[in-house]
Structures are given as structure tokens and as C-alpha cells.
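Engineer: Below are the chains, spelled out letter by letter.
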Amino acid sequence: MIEAKELRVSYGKRRALDGVSFSLREGEMLFVIGPNGSGKTTLLKSLARVLRAEGAIYVDGKSAFEFSRDEYAKMVGYVPQRGEISHLTVFDAVLLGRKPHFKWRAEKEDFRIVEKVLEILNLNGLATKKLNELSGGEFQRVMIARALAQQPKILLLDEPTNNLDINNQVAFMKLLKRIIKKEKISAIITTHDLNIASNYADRIVMMKSGKIYASGGIEILTEENIKAVYGVEVDVIKLNGKVIILPK
Amino acid sequence: MNYEEFVRRKHLVGVTLLFLLVASTIFSLFFVPTNISLKDIFENAAVKNVRLPRVITAVFVGASLAVSGAVMQCVLRNPLASSFTLGISQGAAFGAAFAIIYLGAGILHRTGEGVTISNPYIVPVFAFIGALLSVKIVLILSKIRDLSPEAMILAGIAMASFFQASTMLIQYFSQNEVLIASVVFWTFGDVGRTVWREAAIIALSFLAVFLIFLRRAWDYNALLSGDEVAKTLGVDPKRVRVEGLLLSAFLTAICVSFTGIIGFVGLISPHVVRIFLGEDYRFLLPLSAVVGSLMLLLADSFGRAILFPVIIPVGIVTAFVGAPVFIYLLLRGVGR
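Listed in order, the protein sequences are those of chains A and B.
The first sequence lines up with residues 33 to 280 when you count with the numbering used here.
The second sequence lines up with residues 5 to 340 when you count with the numbering used here.
No lab work stands behind these hints, which were simulated from the structure alone.
Just so you know, these numbers come straight off a predicted model, no measurement behind them.
Be aware that a few hints might be false.
[Unchecked claim] Listed below are the simulated DSSO-like cross-link pairs for lysine-lysine, each with C-alpha atoms no more than 30 Å apart in a straight line: (1) Lys259/A with Lys214/A; (2) Lys94/A with Lys242/B; (3) Lys37/A with Lys242/B; (4) Lys242/B with Lys45/A; (5) Lys214/A with Lys185/A.
With the sequences and hints as input, model every part of the structure.
Structural biologist: Written out as C-alpha cells, the structure is:
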């Protein structure tokens, strides 16, 4: 589905990404974890083609840079960590996700898709509210809705649960998982919350200083790995088939 | 309220505003400051050659300033942006003054009527060069990270002062008193000096640029979500930004060349629409244009009627109304 080979990005002298390679299959949720400045956001921006990374990205076996931006937008949806708040209405902000499909003028089909996405994300009551009037959780859902309206095969989410309370976090993750399985989307999600990663990940990539330190299933969430990457002592507890990470 | 109703309401507001504009145009044409009859439009030279182009100028200059303000506010992500607050109008004024004084592109027509542009092409060209100078500085400033919208406007005010001083300097050293007087007159900002040909240039420039802007409406909507998201939606933010600023500078240069500096219309019109009907540029652009036209037309009618037979230049009227609104917008906070 999506494959990255030897991605490298430098900010001045600092190597933000230093030879990152991985691949992801259809319908999988990949969590990227690692401390601040380890290159998670840079990785996502490179995959979204917001940044031009050295190395290669393949989507469906074809190099990402062969696609025009419009074509790429139909396959890859990106939600940044902090979206910009405008006076657009919720409906228009989501309709924006159809732009790569319609170019100049939204058609009936585009409106239908937006209505469907709003319903899935439980936003239909807010269609004519302006973005600057929404709560953090609502705004987050609008951003995801916009990305979903692009009907992408791959969803890139930068710390989507950051501004949500625990109730909204759980609701959001459950919803996301359901959409991803149903629409056969792959998702790459960065997070600081190791327990969210352990709960929902199909696969995990652990980053440290721009490199992949470990990757695999949730079995890589070990006390040793976490100590090596974050420099913090934790207990990894297995409970009812779940993995729980507790700082010591 | 569902989305279709919301869109219907915007259409309704649009039609209402357009109707108001037509009504105001007719009112301004026939009743301000003196009543005329329909026959006068074709037969009375003063009506045909002064009042009619004046009204047309007011309508299209108002619309031009408003859409250029709306686009600048989007591409710079700065709700206080407009050609007046960023020093682009003043840059254009300097370029135009330069052309008038050194290239003899304008002459004083009759005392009380200010300058008539004897060459309607050289003045806009130099005004455009002056406007581009300001745009270049704005673009450089906008690349500086963490420059707040307010700081950008302060820089714009500094630029405006710089260009005003430059304009005064070339006036000061000009030997030709007639030309000096003409430039002074013309910095007031007045829609009453245009002849038919100039009114036509203004109207055609507006229509051409407006169509390009409208075609870009979704790109502007994308830019509202930030450059990064815009990129992932197939938009090239840099291109849209530079194009938007260039076209806005062009419209500003045309307006300033023939009417002088008219402040605040470009800043306020998009705000009025945004507050009531949101920021979707498909609607914001045309609605701002109509609101801008209405504002300038009413301001000019007011200026013509209030001290009749003395006519107050519209630039003075918009400044009196606009300054308090500008301060209100500042106090309200850029972060909305």
C-alpha cells in the first residue's frame, strides 16, 4: 500500500529523518511513537508531500512523486497536529476535501459524500457552524472529516488525540478503527500516548533521533525499548490480553 | 439550519445587496446632489461626462478595493490586510506621483477639479511599479516566522509613511507649482475626476481580475486551512499567494491612478461579509465586492450632498468612518 525507503530530511545541519524505511498494508493502523524531536511529524509531512524528503515513497507500487498533487490528494489525506481555524463553516471545510476531485465546482456527488462523512463523524448537526465556534474535539473531528472526504487510501494523522479528553479519545479511536477497517484505509498515526498505541495499533514504529529504533507489533513495547527510546523506567503490564504501560 | 438553507440565505443576501446597490446607484445618479431627469443623462453634458462616470467609478473602485482586500486577507492569513493598511496604496500613489511630476503624465484641469490624467496608461504603469515595491516588502516580511498580523500591519504603516514622505519629497523639489497642486489634490482620494475612458479602464480591470479571483475561490478556501493542508489538497500555496498579491496590487494601482488613495473600504467590506456569512470565498468575493461598491457609493453620495455645493472627497469620508472601525477591529483582536 505505502512503502518508504531510506527517507532523509535535514533542517540545516540537524538530521530530522535519517534513513527511515517501512511499509504498510491495506487496512492497517500503524502508530509512530517516540520522544519530542524524534522525527515523527517530519515523517508524516514527508509522506504527505508537505516536505520534500530524500529517498523514495511508493504508493500502490508507484513512486509518490510521479503523481500530480491532485492525484496524490485523492490517495493520501493528511491531518496536521494543529489545524488553522478560520470562519469557514463545517460543511465547507469538509467540502474542501473534495477539491482534488472536482477542481473548480462541487457537484451533487461531492455534496452527497460530505453529508455521509458528516454523519459518520456525528457532525451533521454542526454543518453551518463556523470553525471558530467549535470545541477542540469537534474541530478535530472536522479535520478528520475533511481528510475522509478526500476518500483517501492512506490517512496520515499527527497526534489526533492530543486535545481530546479521555472520553473523546476512546470514542475517537473506536470510530477511527471502525472507519479504517470498513473503508479499507491504512492509517499512520503519531502519538505520545503509549497506551493508545498499545490498544489500537496493528503495528508500531518506535523512533529515536530521526531513526527507527524498533518496529513490529505491540510486542516491541517492552520495558527495555521504552527505556532506550524515552529514557524513562516503566512497567509493562499484561492484563486481559491488553498491554498497559505505567511509569515507575 | 441545514447547509442548503444556509446557502439559500447567502444567495438571498447577495440578491438583496445587489438590489440595494442598483437602487443606490440610481439614487446617486438622479438625486445627488441635485435632481435630474432621465433625459439629462443623454443630453446634459455635465451629467453625461461628470456624474455618470463618477458613479460608475465609485461602484467599481469600491468593488476592486474590497476584493483585493479579501484576497490579501486570505493569502497573508491576516485579517487586517488591505492595500491601504499594508502600504500598497501609498506605494502606488508614489509611483503615480512620480509619473505625474517627472513624466508629465497628468495636468491640472481646472481649479477645484484636481488633476486629469492626460495619459491614462503611463500613470497606472508607474503606480503598479510602486505597488509592486510594497508587495515585495510584504512578501519578504511574510516569510519571517512568528511575525504577528499586528506586527505586519505596523510594518505596513511604516511603509505607508515612507512612501508618503517620498511623494512629498518629489513634490517639494518639483519646480512646477501646477503639478504640485495636482498631486496634492489627487492624494485626497476622490472618484469625481474620472472621465469615461478611465471609468471604463477601472471597470474592465475589475471584471477581469474578479473572474480570476472567483476561479481561485476553492484555492483560497484551502489556504485558510494553512499552507500544509493546502499542499495536501493539490494547491500550490506560494503560487496562489504571489498571484493573489500581484493581481491585488494591479487593481490597487488602477484605482489609485485614477482616484487617489481611498482607505478602509478594502479592509472593512470583507469583514462585514465574513462576520455575518462566513468565509467561503465562493461567496465572500462577490458579496464583498457588492458591499465595497455600496460603501463607496454611499460615502461619495454623502460627501457630495452634506455640504453642497462644496464636495467632500470620498477619501476623507471613508477615513472618518473607517478609522474607528479599524481601531475596533484591532481591539477585538486579530485572533478573532
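Engineer: Lys94/A and Lys242/B: Cα distance at most 30 Å?
Structural biologist: holds (27 Å)
Engineer: Mind checking the alpha carbons of Lys214/A and Lys185/A for me, to see if they're no more than 30 Å apart?
Structural biologist: holds (12 Å)
Engineer: Is Lys242/B within 30 Å of Lys45/A, Cα to Cα?
Structural biologist: With Cα atoms ~25 Å apart, Lys242/B and Lys45/A stay inside 30 Å; holds.
Engineer: With a cut-off of 30 Å on the C-alpha distance, tell me whether Lys37/A and Lys242/B pass.
Structural biologist: The given pair, whose Cα atoms are some 28 Å apart, holds under the 30 Å limit.
Engineer: Keeping to a limit of 30 Å between CA atoms, is the pair of Lys259/A and Lys214/A held or broken?
Structural biologist: Distance ~36 Å between Lys259/A and Lys214/A Cα, so the pair is violated.
Checked against the numbered hints given earlier, this structure breaks only hint 1.
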